[in-house]
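J.: Top to bottom, those sequences are chains A, B and C.
Position 14, counted from 1, in the first sequence is what this note's numbering calls 14; the numbers after and before it change by one each time, with no gaps.
Position 33, counted from 1, in the second sequence is what this note's numbering calls 33; the numbers after and before it change by one each time, with no gaps.
Position 208, counted from 1, in the third sequence is what this note's numbering calls 208; the numbers after and before it change by one each time, with no gaps.
No lab work stands behind these hints, which were simulated from the structure alone.
It cannot be assumed that every hint is accurate.
Unchecked claim - Between beta-carbon pairs, the in silico distance windows are:
| no. | chain 1 | residue 1 | chain 2 | residue 2 | range |
| --- | --- | --- | --- | --- | --- |
| 1 | C | Gly90 | A | Asn259 | 54 to 60 Å |
| 2 | C | Asn203 | A | Thr165 | 53 to 59 Å |
| 3 | A | Asn259 | B | Glu125 | 40 to 46 Å |
| 4 | A | Pro280 | C | Lys50 | 48 to 54 Å |
| 5 | A | Glu338 | C | Lys282 | 39 to 45 Å |
What the hints assert, rightly or not - One-sided and incomplete, this derived list gives chain C residues near chain A with beta-carbon spacing under 8 Å:
| no. | residue |
| --- | --- |
| 6 | Pro69 |
| 7 | Ala77 |
| 8 | Arg83 |
| 9 | Gly96 |
| 10 | Leu336 |
| 11 | Leu341 |
| 12 | Ile350 |
| 13 | Asn353 |
| 14 | Cys363 |
| 15 | Val366 |
| 16 | Ile367 |
| 17 | His387 |
We put the CB at the ideal spot given by N, CA and C, even for glycine.
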Amino acid sequence: MGATIIEKIIRNNTGKDVKPGDIVTVNVDRVMIHDIFIPFVASKFEEMGFQKLWDPDKVVLIYDHLVPASQVDDTRHFRVGNDFVEKYGMKNIHRADGICHQLMTEAGYVKPGNIVFGTDSHTTTYGCVGAFSSGIGYTEMASILGTGTMWVRVPETIRVNITGTLPKNVMAKDIILRLIGDLGADGATYKALEFAGDTVEAMSVASRMSMSNMAIEAGAKCALFTPDEKTAAYCEMTLTDKEKDLVGDADASYCRVINYNAEDFVPVMACPSNVDHVKPIAEIAGKEIDQVFIGSCTNGRLEDLMAAAEVLKGKKVAPFVKLIVTPASRKIYQQALENGTMAILAEAGAMITHPSCGLCCGRAGGILTDGETVVATNNRNFLGRMGTSKVGIYLASPRAAAACAVAGKIVVPE
Amino acid sequence: MEKFSGKVWVLGDDIDTDIIIPTEYLALETVNDMAPYAFSPLRPELAGQIQPGDIIVAGKNFGCGSSREQAPEIIKALGVKCVIAKSFARIFFRNSINNGLLLIENGELADVAKEGDTVAVSLNEAITYQGKEYPIAALPDNLMDIINAGGLVKAMRKLNGLD
Amino acid sequence: MGMTMAEKIIAAAAGVSEVIPGDIQTVTLDRLMSNDGTTHLTIDMYEKLKNPRIADVDKLVWIVDHNVPCDSVKTAASHKKMRDFAKAHGITFYEGAGVCHQLMMENHVTAGELIFGADSHTCAYGAVGAFGTGVGCTDYLYAMVTGKSWLLVPETLRFNLTGKLPKGVYARDLILTIIGQIGANGANYMAMEFGGEGLKTLNMSDRIAICNLCVEAGAKTALMEVDDITLDYLKAHGRTPKHVFKSDADAEFAKIYDINLSTIRPIVAKPHFVDSVVEAKKCVGTHIDEAFLGSCNNGRIEDLRAGAEVIKGKKVHPLVRFLVVPASQAVYQQALEEGLLQIFMEAGAIVMNPNCSVCWGSCQGVIGENEVLISTGTRNFKGRAGHKDSFVYLASAATVAASAIKGEIATADMV
Numbered sequence: 001m002g003a004t005i006i007e008k009i010i011r012n013n014t015g016k017d018v019k020p021g022d023i024v025t026v027n028v029d030r031v032m033i034h035d036i037f038i039p040f041v042a043s044k045f046e047e048m049g050f051q052k053l054w055d056p057d058k059v060v061l062i063y064d065h066l067v068p069a070s071q072v073d074d075t076r077h078f079r080v081g082n083d084f085v086e087k088y089g090m091k092n093i094h095r096a097d098g099i100c101h102q103l104m105t106e107a108g109y110v111k112p113g114n115i116v117f118g119t120d121s122h123t124t125t126y127g128c129v130g131a132f133s134s135g136i137g138y139t140e141m142a143s144i145l146g147t148g149t150m151w152v153r154v155p156e157t158i159r160v161n162i163t164g165t166l167p168k169n170v171m172a173k174d175i176i177l178r179l180i181g182d183l184g185a186d187g188a189t190y191k192a193l194e195f196a197g198d199t200v201e202a203m204s205v206a207s208r209m210s211m212s213n214m215a216i217e218a219g220a221k222c223a224l225f226t227p228d229e230k231t232a233a234y235c236e237m238t239l240t241d242k243e244k245d246l247v248g249d250a251d252a253s254y255c256r257v258i259n260y261n262a263e264d265f266v267p268v269m270a271c272p273s274n275v276d277h278v279k280p281i282a283e284i285a286g287k288e289i290d291q292v293f294i295g296s297c298t299n300g301r302l303e304d305l306m307a308a309a310e311v312l313k314g315k316k317v318a319p320f321v322k323l324i325v326t327p328a329s330r331k332i333y334q335q336a337l338e339n340g341t342m343a344i345l346a347e348a349g350a351m352i353t354h355p356s357c358g359l360c361c362g363r364a365g366g367i368l369t370d371g372e373t374v375v376a377t378n379n380r381n382f383l384g385r386m387g388t389s390k391v392g393i394y395l396a397s398p399r400a401a402a403a404c405a406v407a408g409k410i411v412v413p414e
Numbered sequence: 001m002e003k004f005s006g007k008v009w010v011l012g013d014d015i016d017t018d019i020i021i022p023t024e025y026l027a028l029e030t031v032n033d034m035a036p037y038a039f040s041p042l043r044p045e046l047a048g049q050i051q052p053g054d055i056i057v058a059g060k061n062f063g064c065g066s067s068r069e070q071a072p073e074i075i076k077a078l079g080v081k082c083v084i085a086k087s088f089a090r091i092f093f094r095n096s097i098n099n100g101l102l103l104i105e106n107g108e109l110a111d112v113a114k115e116g117d118t119v120a121v122s123l124n125e126a127i128t129y130q131g132k133e134y135p136i137a138a139l140p141d142n143l144m145d146i147i148n149a150g151g152l153v154k155a156m157r158k159l160n161g162l163d
Numbered sequence: 001m002g003m004t005m006a007e008k009i010i011a012a013a014a015g016v017s018e019v020i021p022g023d024i025q026t027v028t029l030d031r032l033m034s035n036d037g038t039t040h041l042t043i044d045m046y047e048k049l050k051n052p053r054i055a056d057v058d059k060l061v062w063i064v065d066h067n068v069p070c071d072s073v074k075t076a077a078s079h080k081k082m083r084d085f086a087k088a089h090g091i092t093f094y095e096g097a098g099v100c101h102q103l104m105m106e107n108h109v110t111a112g113e114l115i116f117g118a119d120s121h122t123c124a125y126g127a128v129g130a131f132g133t134g135v136g137c138t139d140y141l142y143a144m145v146t147g148k149s150w151l152l153v154p155e156t157l158r159f160n161l162t163g164k165l166p167k168g169v170y171a172r173d174l175i176l177t178i179i180g181q182i183g184a185n186g187a188n189y190m191a192m193e194f195g196g197e198g199l200k201t202l203n204m205s206d207r208i209a210i211c212n213l214c215v216e217a218g219a220k221t222a223l224m225e226v227d228d229i230t231l232d233y234l235k236a237h238g239r240t241p242k243h244v245f246k247s248d249a250d251a252e253f254a255k256i257y258d259i260n261l262s263t264i265r266p267i268v269a270k271p272h273f274v275d276s277v278v279e280a281k282k283c284v285g286t287h288i289d290e291a292f293l294g295s296c297n298n299g300r301i302e303d304l305r306a307g308a309e310v311i312k313g314k315k316v317h318p319l320v321r322f323l324v325v326p327a328s329q330a331v332y333q334q335a336l337e338e339g340l341l342q343i344f345m346e347a348g349a350i351v352m353n354p355n356c357s358v359c360w361g362s363c364q365g366v367i368g369e370n371e372v373l374i375s376t377g378t379r380n381f382k383g384r385a386g387h388k389d390s391f392v393y394l395a396s397a398a399t400v401a402a403s404a405i406k407g408e409i410a411t412a413d414m415v
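Excised from the complex, chain A in its bound form (with noise of 0.2 Å):
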């Protein structure tokens, strides 16, 4: 009987055969606590009695939801963060370079495999290179800083298989849009999300974390890709034979298979106030906005960058528009600068700001009022999640994002 990947990876972690609905102990192979959370794992911990972290090494604590401060009360955060740091005898810590997300795989964190969990919901990311990564509360972070383990249930896994070439137009973004909208926001609950097919495998390591990102918003437990080429030289390493191992099997059981053909995609937004209210973007066009929103650890890669100073070169952001530009990490910024992305951005009128978790976690960085439209590449366009209840999010790709800014209106990108 054939195993999926997130089984693999179980088996591979406890050395035990699993099937779903086991319950096992896993070994943590890394821990991200980021600035919003540290006051209450760091209070916690202590509640529970640990005298020191399991391994120093294996935590990463990175500030991006409060950078830059907003508000009085953060600077509080990032005291508890540098003292417990010294405390414990940390290393790993970042505190301006950009999104926890991105800097788990990009600082080199995370390799395929590997077992990792954050104090954030998009921690799911990290299934881009073939790691099990989930979102967990302080409380639990706070045992496995202690313990190093953390039980978990086997999950069922969903298969997606895609095939074919994606329509210039098109892109990762749309495709897990989709694939929520016909899901569900709870169509993946407790479960795997596995994705396979040509489409996936031509697809950028980058492209493949905007749909990881976002398996969370279908309520998975994980999303994987298998480990390949371009994962290999991503994570700057060579794959042993058990990482390029991580693939479902042919044999292997799924609770539920979907197939899709590359070339039907067409691009989509998410409509005020769900993640899986998704509409083609024609049904839609014509509706006029008041701001964008490029960026968050969905969206904010270089790639992402790219796409949109494609679309804005030599044009100008519409008029009573605001076009926010917040990239993923530093080191996105920097290639930015330096390829002249940046510069297109800039002249068209974009507000760059510093990457942080900016508008996407709604502290700051671009919130609306009532009756304002905004259309964003983030992940999440909850009631209130920007602003007020009565602020329109509308999530889409940056491509159609920027095509938005130019024409002042919601289009269907070019």
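Add chains B and C to chain A, keeping to what the hints say.
T.: The following block gives chains B and C in isolation, referenced to the frame of chain A:
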């Protein structure tokens, strides 16, 4: 088996963590500071109306979205006895168990329950509403262990020989 | 009897041949700038008027710069009010393009104009020989509706500059020295006028920095003699002077100061007053949590160059948050082209979009309880940058960058 009853507040499907507690308030120092803002994007007055012992009844995918553990902690801080929903998002589910907030899955109650009515719960057995019984599933053993220990923090304190 | 520059500009705006200090004159304004600090209040008052009208919409410039990108539902609502009004009335409108005074200098102000701005640092416009002064939103509303306002003709303090600033000493150090010398109310109600041979050694960026900060000595306005540097700047930005006025040889000044630029040293203004100045050397070693390079005072390309020169190839101290915020989109683009943004990013700085940032103490980079900020911003008042119990030191771009590297106050020669 434990039995209790309470007045219900009825919410819809996909009650996400940004509705339960918007990010804007997450840097407040304590969960009690945040509690007045619970559910504010949807029903700003609700946090002030909920009384200790009340029960929230909701549709599918309750607690979807972020990993913010303040979500179940705040619901608990408001005195909510339990949440009965058609289904729960997985991070919210884990966080609730770890904090000792009782969650009950039931596919029917949300469609019939009226706000202000009373429901009775027999833990791990059934809910009774308007004279009708709705069966509920028992929690797996490993989760009951955490609940019986009084939450994950207490379980870890025991592990570290503190309690 | 001769007149000063300030008197001549007011006389021209009032349509009279002569004014003397203490006169109250009714003047026609050339330009009216307002930003998101108070414009929503102006609009509220405007809408309550019986017969609301705008005297000359072409004179209005509205700029959203204080909370950009927007950081709260409240500011989002005031921005929307401002944007909708500007759109409906055809008012020149900027949002996110930079700090208001920088945008005014780049795009609007010219020599000899009389300008009201609903912001205290409007006196910056004196750098090109324009009479700019800060007003509240009630004064602004009256001027917007009538095109006119009243003005008390100020006395003038004259500053004769000689010599040249030593290397590593900046206009910021000069103006802080002057404010320290005359005190935070030393120029109350007065105009501060700058001239002399030494002025020719100061470029337009220096001049803006100097005039901008004169309000911290209480000045109503600041004015610099118009020279070739002024005319070249205006020409480069596609503008010609309205009037080129010079104080008459027999003009009467309230006081004349002679300042030799070569005697100026790096200066720091200590918490919580701008006139609480000491030589930077005396503050060396003071712990800092954050450093800020930006604002209408020191966010221009010259300032970014000075900061970049200090930090190039070095790293920001790991526990310091170093914010670099260009004063306008044009400055951002220039800095990008010159590779300065790359230097700051490489060093570990936080590079933000052009806006007022922490100088305004909200929106981005606010500091917490007992934290210390060293800043090129305009003010170090108690609580200005965040928590009421926090501390702000003001210094030049070079001193700020050096301090960011060290994690404590340091001068550029120490890194």
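J.: All the hints need checking, so say for each whether the structure fits it.
T.: The hints, checked one at a time:
1. Roughly 55 Å separates the CB atoms of C:Gly90 and A:Asn259, a value that falls within the hinted 54 to 60 Å.
2. Separated by about 56 Å at the C-beta atoms, C:Asn203 and A:Thr165 satisfy the suggested range of 53 to 59 Å.
3. Under the hint 40 to 46 Å, the C-beta atoms of A:Asn259 and B:Glu125, about 42 Å apart, fit the expected range.
4. The beta-carbon spacing between A:Pro280 and C:Lys50, approximately 51 Å, falls within the hinted interval of 48 to 54 Å.
5. At roughly 41 Å, the beta carbons of A:Glu338 and C:Lys282 sit within the given window of 39 to 45 Å.
6. Hint status for C:Pro69 relative to chain A: holds, with the closest Cβ pair at about 4 Å, below 8 Å.
7. With a least beta-carbon distance of about 4 Å to chain A, the hint placing C:Ala77 at the interface is held under the 8 Å criterion.
8. Interface restraint check for C:Arg83: the shortest CB-CB distance to chain A comes to about 6 Å, inside 8 Å, so the restraint holds.
9. About 4 Å separates the beta-carbon of C:Gly96 from the nearest beta-carbon of chain A, less than 8 Å, and the hint is met.
10. For C:Leu336, the suggested interface contact is upheld, since its CB lies about 6 Å from the closest CB of chain A, less than 8 Å.
11. With a least beta-carbon distance of about 6 Å to chain A, the hint placing C:Leu341 at the interface is held under the 8 Å criterion.
12. A cut of 8 Å between beta carbons decides the hint on C:Ile350: the least distance to chain A is about 5 Å, and the hint holds.
13. Interface hint status for C:Asn353: upheld, as the beta-carbon distance to the closest one in chain A is roughly 4 Å, under 8 Å.
14. The beta carbon of C:Cys363 comes within 6 Å of a beta carbon in chain A, closer than 8 Å, and the hint placing it at the interface holds.
15. Taken as an interface hint, C:Val366 checks out: its beta carbon lies about 5 Å from the nearest beta carbon of chain A, inside 8 Å.
16. Hint on C:Ile367 holds. Least Cβ distance to chain A is approximately 6 Å, under the 8 Å limit.
17. Evaluation of the C:His387 hint against chain A yields a held restraint, the C-beta minimum of about 5 Å falling below 8 Å.
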